[in-house]
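Engineer: Given next are the chains, with one letter for each unit.
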Amino acid sequence: MLLPRPLSLTIDKLPVALVQRVVNQAFHRALQQHPDLFDRLGNEANKRFCFAPTDLDFVFLVHPESKFIHTFRKAAQPRADASIAGPMLTLLALLEGRIDGDAVFFSRSLSVTGDMEAMLALRNALDDCSFDLPRDLAAMAGPLALPFRRIAEVIRHRALKGMA
Amino acid sequence: MELICPAGTPAAFREAVEAGADAVYCGFRDETNARNFPGLNFTREELRQAVAHGHAQGVHTYVALNTFMRAGHEDLWYRAADDAVAAGADAVILADMALMDYVSSTYPDQRLHVSVQASASNVDAIALLVESFGAKRLVLPRVLTVPEIANLARNVDCELEVFAFGGLCVMAEGRCSLSSYVTGQSPNMQGVCSPASHVRYREDGPDMVSELAGFTINRFGKDEPAGYPTLCKGRFHIADDDGYAFEDPVSLDVMEHLDALRSAGVTALKIEGRQRGKAYVAQVVSSLRAALEAPKEARAQKLTQLHRLSEGQRTTAGAYEKKWR
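Protein sequences, first through last, are from chains A and B. Under my numbering, residues 1 to 164 are what the first sequence spells out, in order. Under my numbering, residues 1 to 325 are what the second sequence spells out, in order.
One chain only, chain B, in its complex shape:
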């Protein structure tokens, strides 16, 4: 299976290549990708250099253009697609069907991957994207069990990529608007969930309080591991309970299911985290690369350090081993 690794900066890109990535995915410095964070991402020239560096090392570059085009501003996305193709991107990762149509008709030879943001998770949806736009690969939403993934793989005519490690969203990828209810911005449209401009932290005695757009969304006791300041990972008072209403601050880790995913016919494993630093990229990529190449009994030992990098310093296999009805 291929190892698909994140890069938010050229330095992280180089770390990913060095640590053993088969492909690195990245985006431009604007709202055309779902990690539109301050100081992050690539200029056109940085992308061109990254692609060249990757090719020199036998590593592919995938460019994420995985937000939905704003009416009246479609040119921003079309230009980004033009520039990604011109830079030599080995694939573009798209969510908006109109952008898929533009790329497949303008650049019929360009490899097209369907982003997790497109939220395609059944045979008919995937078949439509393959037949209409020539999609070669689909990144599956993190909502399916391993047997469901295996069933899909048997019945679709494209490669499947699944998230293996990193941040975990509520199970409505590409459809989640929670962030926009409070901040007016969402990952689907502006490429940013709970934008940093709306986040504040304050110390309250030994506690750390996180606020989003003026609303208190969490309070962490002294030395309690923290999470991202997103609404889905906020702690709320509901009836007589205080707790996580949507999901706990926890990261995805499905490396225990590596053999099952391989048997299921999965082509590629994706690491989440373009917003993370190059140290995260280097450590996670090298650990997963070592685990991929290790015999099953030696695998866990290769991954022991990763929980410390995780949100809330905990991991879960999430829906991959769904234990709820």
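Isolated chain A (complex conformation):
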């Protein structure tokens, strides 16, 4: 399921610095909520992972060991050890472990390239982590935390229904 076109066009128009700020906050908040997130990675924590939503013009580079996430325009093509590309909502569903990575791979809805040992370790680490993005990130919305969470849960419900 792709992001609605008007939404992806709007996001694409945002400055990289702004997207980086939001993504960085979300990333570090998620790490606070799940401090053992990268334990399963072992030596693979030193690899650079690229997440490339096919319906957005941004890619996100993650280096677990140094706990950084960096946002780029797609054209920048940052160097990564392993990359995963697919619709944004599919990537988020995988992050939460709501869908099975192998099944999505079999259906050709996502593609993976580069170091598969690292990618598999990351997939398994995320799958064990019990992310719940609406719950985990709601506090970022400050006084609007509750409506943020409710809206995010509705979007997630619809997106997962669309993938079923």
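Rather than coming from a laboratory, the hints here were simulated on the basis of the structure. Any given hint could be a false lead.
Derived list of chain A stretches under chain B, where covered just means 3 residues or more per stretch with a C-beta under 8 Å from a C-beta of chain B [what the hints assert, rightly or not]:
| hint | segment |
| --- | --- |
| 1 | 25-31 |
| 2 | 34-43 |
| 3 | 96-107 |
| 4 | 116-122 |
For glycine and all other residues, C-beta sits at the position ideal for the given N, C-alpha and C.
Got chain A sorted already, so can you dock chain B onto it with the hints?
Structural biologist: Same frame as chain A, but now just chain B:
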């Protein structure tokens, strides 16, 4: 019949318990089990907690120690058996006869199951394992028809467990070395078939090409369902044909034969897939649990979504309804 479910992580274990497993099988984070994949499996402490969680919910935990011990490194397997017993495992699933001997003589009260990797598929082989090591259950290789399974059940003195759903190997379980010819590693010894460290995917126009240790083993056209990057499911050029030489990318599903398996005397149905995510575990376990409890005419409806989770997005009953000579 019991429903035996896979768990590669504690999260998947909890999903399996919640979805209706009678028992969950899992392994340690090393080469003592045949799903030795990066980021997968349990630490000793995670296993102890999983066993406790299972027991609190009335669910058993079986620990797979189902690879063959490497000469000179047997201690790794003996320690794993010690730790599984100490964690309170309800059964250990073993393939190596020397490890069976160690467990049966060191822990005579420990329930011992024989892994599919032991490849025991006839009455005499099973009798030997029961008499020598007190094996209580045997997981049958996926090479037998339902009538053959029924015949075995009548003539052996232990419970039989069969695979009901999930990945399908070529019919040489415990004896397949295809992966090691190309990568140096096999499920029997290192616990991993076609290790991820040797796998690469690349886009070639609209096609996706899978490579194993530098060899191209498959090419999937645009939107063609994909499979695992194992040699047995590679597509090869043989004579004038291009195609699957060993087997197609397809998963096992024998739920149509549920009543026949029950009548045959099968004790437990096993779901393959410790390498799969918790979403797979939750969906497959809950679907099979619902099917097990549904009347025959309502069963198929409970299973309609499962083909989408399958390798190649297709399923087969394989040898259970063997149509070849």
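Engineer: Give a verdict on every hint.
Structural biologist: Hints and how they fare:
no., hint, result
1, 25-31, "violated (count 0)"
2, 34-43, "holds (count 3)"
3, 96-107, "holds (count 10)"
4, 116-122, "holds (count 7)"
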